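Undergrad: Chain by chain, the residues run as shown.
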Amino acid sequence: MSEKINTYTVTIYTENNIGLLNRISAIFQRRKINIESLSASESEIDDVFKFTLVVNITEHQMEKIKGQIERQVEVIKAFYHTDEETIFTESGLFKIKSELLFEEPQIQNIIKDSHARIVTVNREFFVLEKSGRRSEIDLVHRELKPFGIMQFTRSGRIAVTKTEMPISTLLQQIKDEQEAAFAKA
Amino acid sequence: MDVKTIDKKQSAAATTTKMSGSEALIHCLVAEGANLVYGYPGGAIMPFYDQLHIHQDKIQHVLTRHEQGATHAAQGFARATGKVGVAVATSGPGATNLITGIADAQIDSTPMVCITGQVGSHLLGSDAFQETDIIGISTPVTKWNYQITSAKEIPEVMAKAFYIARSGRPGPVLIDITKDAQFEEFDYAYAKCEHIRSYTPTPEVQEDQLKAAAEAINAAKKPMIVWGQGVILGEAEEEFKAFVEKSGIPAAWTILGVSAIPTSHPLNVGMVGMHGNYGPNVLTNECDVLIAIGMRFDDRVTGNLETYAKQAKIIHFEIDPAEVSKNVKADYPVLGNSKETLSRILPLINEKTHTDWHQRFKDHDVIEYEKVIKNDIHPTKEGLTMGEVIELINKKTKGEAIIVTDVGQHQMVGIRYADFNQSKSNITSGGLGTMGFALPAAIGAKMGAPDREVVAIIGDGGYQMTIQELGTVFQTEAAVKIVVLNNEFLGMVRQWQQLFFDKRYASTEMKNPNFCKIAEAYDIEAQKVSKRENLEAAVEKMIASKNSFFLEVMVEKEDNVFPMIPTGASVSDIRLE
Chain H
0 MSEKINTYTV TIYTENNIGL LNRISAIFQR RKINIESLSA SESEIDDVFK
50 FTLVVNITEH QMEKIKGQIE RQVEVIKAFY HTDEETIFTE SGLFKIKSEL
100 LFEEPQIQNI IKDSHARIVT VNREFFVLEK SGRRSEIDLV HRELKPFGIM
150 QFTRSGRIAV TKTEMPISTL LQQIKDEQEA AFAKA
Chain F
0 MDVKTIDKKQ SAAATTTKMS GSEALIHCLV AEGANLVYGY PGGAIMPFYD
50 QLHIHQDKIQ HVLTRHEQGA THAAQGFARA TGKVGVAVAT SGPGATNLIT
100 GIADAQIDST PMVCITGQVG SHLLGSDAFQ ETDIIGISTP VTKWNYQITS
150 AKEIPEVMAK AFYIARSGRP GPVLIDITKD AQFEEFDYAY AKCEHIRSYT
200 PTPEVQEDQL KAAAEAINAA KKPMIVWGQG VILGEAEEEF KAFVEKSGIP
250 AAWTILGVSA IPTSHPLNVG MVGMHGNYGP NVLTNECDVL IAIGMRFDDR
300 VTGNLETYAK QAKIIHFEID PAEVSKNVKA DYPVLGNSKE TLSRILPLIN
350 EKTHTDWHQR FKDHDVIEYE KVIKNDIHPT KEGLTMGEVI ELINKKTKGE
400 AIIVTDVGQH QMVGIRYADF NQSKSNITSG GLGTMGFALP AAIGAKMGAP
450 DREVVAIIGD GGYQMTIQEL GTVFQTEAAV KIVVLNNEFL GMVRQWQQLF
500 FDKRYASTEM KNPNFCKIAE AYDIEAQKVS KRENLEAAVE KMIASKNSFF
550 LEVMVEKEDN VFPMIPTGAS VSDIRLE
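As given, the protein sequences belong to chains H and F, one line each in that order.
Counted the way numbering that gives the first Met the number 0 counts, the first sequence spans residues 0 to 184.
Counted the way numbering that gives the first Met the number 0 counts, the second sequence spans residues 0 to 576.
Next comes chain H alone, as it looks inside the complex:
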């Protein structure tokens, strides 16, 4: 297997239990692998939780780590995908002094060119939201920086795959079976 380092989006479907995040992050930590970003949410299935994280490792490492993740009792299934296989996005929020909107016409151009969205405006500040690839958010950040950014925050990656996730049917099947068993009892 190739020893080339790739960016992988790892999607982990789990039970919603306290401590599971610790268990998953420990798998990366003990191999000294940095988690570049992490987000947690509900999944498309009721009662099933989903972690999406991004790591830069070789495919060989990735394959082994997937096995270690799936070994965890409360993990239902884990998948990994390359950037080419996913539609992914991150979101950045920029808090900027409102007066700059009028004093610096360039800011309006940046907003327009980047397709960023103004979330709120008040007398003191306005908040700009930019979703997209990391590079696009970084570009807006670079361009706004000289004017002064009061606060900046960027979310972890969220992603969906281009191909079907086999998990949905699998989970639906489990759920149907459980409900059938429960109804019988």
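None of these hints come from the bench; they were simulated from the model.
Heads up, some of the hints might be wrong.
Said to hold, decoys possible - Here chain H is said to cover these stretches of chain F; the calculated rule only asks that three of the stretch's residues, wherever they fall, bring their Cβ under 8 Å from a Cβ of chain H:
id : stretch
1  : 42 to 48
2  : 134 to 145
3  : 196 to 204
Please read these numbers as outputs of a predicted model, since none were measured by experiment.
Think of the CB as a built atom: it goes at the ideal place given N, C-alpha and C, for glycine as much as any other residue.
Chain F: place on chain H using the hints.
TA: Just chain F, lined up with the frame of chain H:
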């Protein structure tokens, strides 16, 4: 806790009774057949201990002298019986003292449930007296862990704990219970757990994998089996024996695999790995098909992976999908429980003898015997060897004993030379290499298998790491036979210092106390042997004794264990001297 993770059908079935959380714990343990637990009381676990006292007719609690001892005793019990071992401790230091045993059970796949008390739920996170985040601390070394803060969670979580600990690839589970949850009254009902949605303990056996593996086995000219503890954990001893005998394939074992078939079996070719036998190590790099069964290609088994069995097709029978191709790429994985896979592959394989190939192993045995074994078990020099002590134990127990070893030179010598007639007879700390394991593990093994002779073989270093458990032997009158092979050194480290650090014996020489006096202080009959002429009678006396017995044997100070694969070397570069 999500109720949906357990079959609703089962939870709905049982009837309820009002009781406290701590009393419920007793009922859960009884329901799981755990009538023997090891532990140590303290503040946060006192409500449970109160119930243990009240219900002592149902559950025997053994007070060890340290919580680490409780875990090792639970492990020894589990390894001797195949049942789940149980260890109990209080919060804070009680809980942290369990960690070494838990890590040991994790890496050696030993089924164990640990119960820890925790400070009251209103105090969680407040740095309360004896509060520690044992869930956080134990996460990387447990198969599963859970903190209970409400009594109503107890039945379901305990059912899950035992199910997870014993199913699939077994392992340790830790359940942390706050003090208020132990006091809280609730309606108790118990239903065994038999399914968890997110957990597939045993992968389904795939017919095509069996067929592909069988074809490779049938086509092999020089096949070799390496089996591990998976055969014992899967209770597949009979199926394994049938497989070995029908295929006629030379079978070697890992340190945890031994005793699955009798050591005297003609197809047993010895141990693989760092201090394993000459033949199976060298011929690993000559076989054309390597059949790994219930083992995980630990680095102590494989040596340098770059040169490990590169010429061979690898067949890997394994229950844990994460182990397949983790260290050694499997050409033919066979996933599933060893009992099922081995019985199902049996009709697919051809009957063979591989006579010439067997001869190769025998040729290597002759070389190893001349260069190593002869001098180990029938020494002509004045000093006593570890090997001759093991040989005498074999003679006096006729290979019927459970041999519990600690970690170091005596462990390698002990396991290399011990005779095992029946399964679950070798109890040792394999993956973690935990010094101090043997004495408490032997206590647990003796209680689990009271009709069997249990001999603990320990070095003078490891013995002093859990020597306080002599107190447990004294109080319980567990008739364990304790053999300390005393070379007044941390022998294995000293060996490495001699071979790889120009004999700079940094902190390995030990000034030891009078071990016999210590044993006698606990009312344990003790004997020290320094001369060969006294050895056999002493071993005989020890084995004949109905009670616990301590035997100290002064062995040669600077003997080395050979064969040896130096770290990073190839298995075929194994050294005989």
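Undergrad: All hints, please: hold or fail.
TA: Hints and how they fare:
Residues of the stretch 42 to 48 of chain F lying with their CB closer than 8 Å to a CB of chain H number 0, which falls below the three-residue condition for coverage. For a cut-off of 8 Å, the count of residues in the stretch 134 to 145 of chain F with a CB near a CB of chain H stands at 8, and the three-residue condition holds. Residues of the stretch 196 to 204 of chain F lying with their CB closer than 8 Å to a CB of chain H number 3, which satisfies the three-residue condition for coverage.
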